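Colleague: For reference, the chains in residue letters:
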Amino acid sequence: MMAIYRHFGLTTASTWRLPLPEMDVDAQHVDVHVHPGAVILCGDPVWSSQIGPDCAFYTDGDRHIADWGTAKFDIAEDHVTVAANENDISLQLLLFPVWAALLSMRGRDALHGAVVERDGRGLAIFGESGHGKTTACLRLIDMGWRLVTDDLITFDDSGKALVGPPFMRLRADRATDRVAAPDGAGKFRFLPPLTESPVELTGAIILTDQVALLRPLSPVEAVQELLTAAYNVFPTTASQSVDWFKIAVRLTREIPMWGAPPRSLSSEQLYALASR
Amino acid sequence: MDTQLSLDDQFIVSPEALFERLGDEGVILDTRTDIYFGLNATGRYVWETIAGGQSLNDAALRLVDQFAIPLNTARADTLAVVEELLHRQLIRPAEPR
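Protein sequence lines, in the order shown, are assigned to chains P and B. Going by my numbering, 88 is the number at position 107 of the first sequence; the sequence numbering is gapless. Offset between the second sequence (1-based) and my numbering: plus 197.
In short, the hints are calculated from the structure, not lab data. As the structure is a computational prediction, the values presented were derived from the model and not from experiment. Note that beta-carbon positions come from the ideal geometry of N, C-alpha and C, so glycine has one too. Watch out, some of these pointers could steer you wrong.
[Said to hold, decoys possible] Taking CB as the label site, the calculated pair distances span:
| id | chain 1 | residue 1 | chain 2 | residue 2 | range |
| --- | --- | --- | --- | --- | --- |
| 1 | P | S247 | B | D231 | 34 to 42 Å |
| 2 | P | R196 | B | V261 | 50 to 58 Å |
| 3 | P | D138 | B | A248 | 28 to 36 Å |
| 4 | B | P212 | P | D25 | 22 to 30 Å |
| 5 | P | R257 | B | F264 | 27 to 35 Å |
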């Protein structure tokens, strides 16, 4: 049965049941259709893994085919055909890397990070996996901030951060004191207070081992760090690097960027930065 | 100092180099290679001067004006930046040698 969802600014009709709030929207306004079907591996190979989980990507005209072995996706601007069991691992692949590719094909390249919001002020937190993004987000949420998006950040035409899935994926040790359900993909799904509309960023923290202590980043440093935060699963368009460069330059011009060593920020420091 | 370079040399910026000024600094994306370059204030002044069709010496004089440094120091700084930009193929001499 088909349901309608809102995901990173796109109205999506899906016969797969997605872990997103359902909407009551006229199906004529759907941006993207998600449906099960056969996915044929074809086109030019663009990337395949040498280590880790097997995955390979192909480009065939205006479509991209992503193959994670047990889950295959045929991705176009306005539809995704899925050949996979309807389980949490496949849903994670659909909601994040596949959606990042789809967004890129629609001119909205994504960054890897999280955004929280309070009183209309959005704070972005960037950093590699394990550098403390989730911990920082949880601390701010515990101080009254709301989740805008976790893991994948993309922007609307006015530069506001779009609202992502309404959950954070936590490791078991972080989920012990929270109401969080196992997601079947090795983590726990935590539903924090969620913002409802796109949010203007007013600052960003980049957790990076390129700085020795918390300090403002120079513009050159900020652009460099933001480029390393590109959500780059596989190349989708010829202009993708330029698009990320423009995003990084825009953010560096518009908002203060702070750098901090990984896992270094105290709640007090976070609160002070977030409240600036 | 690269003996092939003269203070009167002018340069042409690669059409594949995407430059953005950010405050005192500048950033360049080489769209052929997707490699990113950061320019400090000195590098940014040199880039903007030679991108405007002025000579290496003009760039050095601009550094003297902006940073109140000796002309010899400014020329050495300018040459260092230009040599790096040439090495990265982000600029090329306006007159073939």
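Colleague: Of the hints given before, which are not true for this structure?
Modeller: 2
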